[in-house]
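Colleague: Under this note's numbering, read the sequence shown as residues 1 to 123, first letter to last.
Derived by calculation from the structure, the hints in this document are not laboratory data. Here a beta-carbon is modelled for each residue, glycine too, at the ideal position from N, C-alpha and C. Take the hints with a grain of salt, since some may be wrong.
DEER-style ranges, computed between Cβ atoms [what the hints assert, rightly or not]: (1) Asp4 with Asp38: 26 to 32 angstroms; (2) Gly22 with Thr68: 17 to 23 angstroms; (3) Glu42 with Arg10: 22 to 28 angstroms; (4) Gly22 with Glu112: 14 to 20 angstroms; (5) Leu92 with Leu115: 19 to 25 angstroms; (6) Arg10 with Pro44: 28 to 34 angstroms; (7) Pro69 with Arg10: 19 to 25 angstroms; (8) Ser45 with Glu109: 28 to 34 angstroms; (9) Asp6 with Glu112: 19 to 25 angstroms; (10) Asn81 with Pro44: 31 to 37 angstroms; (11) Glu42 with Ala106: 18 to 24 angstroms; (12) Gly20 with Glu109: 28 to 34 angstroms.
Capping the alpha-carbon separation at 27 angstroms, the derived lysine-lysine pairs in DSSO-like fashion look like this [as the list claims (entries may be wrong)]: (13) Lys67 with Lys15; (14) Lys30 with Lys67; (15) Lys90 with Lys66; (16) Lys64 with Lys31.
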Amino acid sequence: MIEDDDFLTRMYEMKFSALGIGLKVISDGKKAMNLLRDETVEPPSLILLDLMLPFASGFQILDKIKKTPGWEQVPVIVVSNLGQDADIQKALRLGAKEYFIKGNTALSEMIERILKYINPVTK
Numbered sequence: 001m002i003e004d005d006d007f008l009t010r011m012y013e014m015k016f017s018a019l020g021i022g023l024k025v026i027s028d029g030k031k032a033m034n035l036l037r038d039e040t041v042e043p044p045s046l047i048l049l050d051l052m053l054p055f056a057s058g059f060q061i062l063d064k065i066k067k068t069p070g071w072e073q074v075p076v077i078v079v080s081n082l083g084q085d086a087d088i089q090k091a092l093r094l095g096a097k098e099y100f101i102k103g104n105t106a107l108s109e110m111i112e113r114i115l116k117y118i119n120p121v122t123k
C-alpha cells in the first residue's frame with residue numbers, strides 16, 4: 001500500500017490482518033520510486049495506491065509501475081480523495097484496475113472488490 005494517511009493504513013492493516021493477508025506500507029512517493037528501482041525486490045501481488053503523496057504523485061508512480069519489468073502485471077487499485085472524472089480516467093488509462101474515492105465507498109465493499117485481485121476465482 002502506497003499511502004501517507006496513517007489512520008487509513010492502520011484500518012487496512014487491521015482488515016487485511018484479520019483475513020490473514022500481510023500489508024506492507026510505503027508512506028511517500030520517493031520511497032515508492034526507490035522500491036521500483038530496486039531489482040532485488042519481488043513485486044507484490046497487488047498495490048493499493050493513493051494519488052496525493054509527498055515527493056511524487058500517484059500518477060507518476062502508477063506510470064512507473066506499469067513501465068517496470070516484472071511489475072507491469074501487478075494489479076494497481078487507486079484509493080484517493082481525487083474524485084474528478086479526469087483524474088479517474090487518467091488513472092484507468094495509466095493501468096489502474098479499480099478506482100475508489102475515499103469516503104464514497106464503504107471499506108468492507110472496497111476490501112471485497114480488492115480481494116478478487118488477490119484471490120481470483122476461476123470457473
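Colleague: Can you tell me whether the CB distance of Glu42 to Arg10 sits inside 22 to 28 angstroms?
Modeller: holds (25 angstroms)
Colleague: Measuring from beta carbon to beta carbon, are Ser45 and Glu109 in 28 to 34 angstroms?
Modeller: violated (20 angstroms)
Colleague: Is the Cα-Cα distance between Lys64 and Lys31 27 angstroms or less?
Modeller: Cα-Cα ~13 angstroms, so holds.
Colleague: Are Lys30 and Lys67 close enough, with their CA atoms no more than 27 angstroms apart?
Modeller: Distance of about 17 angstroms is within 27 angstroms: holds.
Colleague: That 19 to 25 angstroms hint for Pro69 and Arg10 (C-beta), does it hold up?
Modeller: violated (33 angstroms)
Colleague: Does the Cβ pair Asn81, Pro44 satisfy 31 to 37 angstroms?
Modeller: Cβ of Asn81 to Cβ of Pro44: about 23 angstroms, so the range 31 to 37 angstroms is violated.
Colleague: Okay, Gly22 versus Glu112 on CB: inside 14 to 20 angstroms?
Modeller: holds (19 angstroms)
Colleague: Does 26 to 32 angstroms hold as the CB distance between Asp4 and Asp38, or does it fail?
Modeller: violated (20 angstroms)
Colleague: Within 28 to 34 angstroms or not, the Cβ separation of Arg10 and Pro44?
Modeller: violated (19 angstroms)
Colleague: Could one say that the CB atoms of Asp6 and Glu112 fall in the range 19 to 25 angstroms?
Modeller: Because 24 angstroms falls inside the window, the suggested range holds.
Colleague: Using the C-beta atoms of Gly22 and Thr68, is the stated range 17 to 23 angstroms upheld?
Modeller: Holds, since Gly22 and Thr68 (Cβ atoms, about 21 angstroms apart) stay within the stated range.
Colleague: Would you say the C-beta atoms of Glu42 and Ala106 sit inside 18 to 24 angstroms of each other?
Modeller: violated (31 angstroms)
Hints 1, 6, 7, 8, 10, 11, 12, 13 from the earlier list are contradicted by this structure; the remaining hints agree with it.
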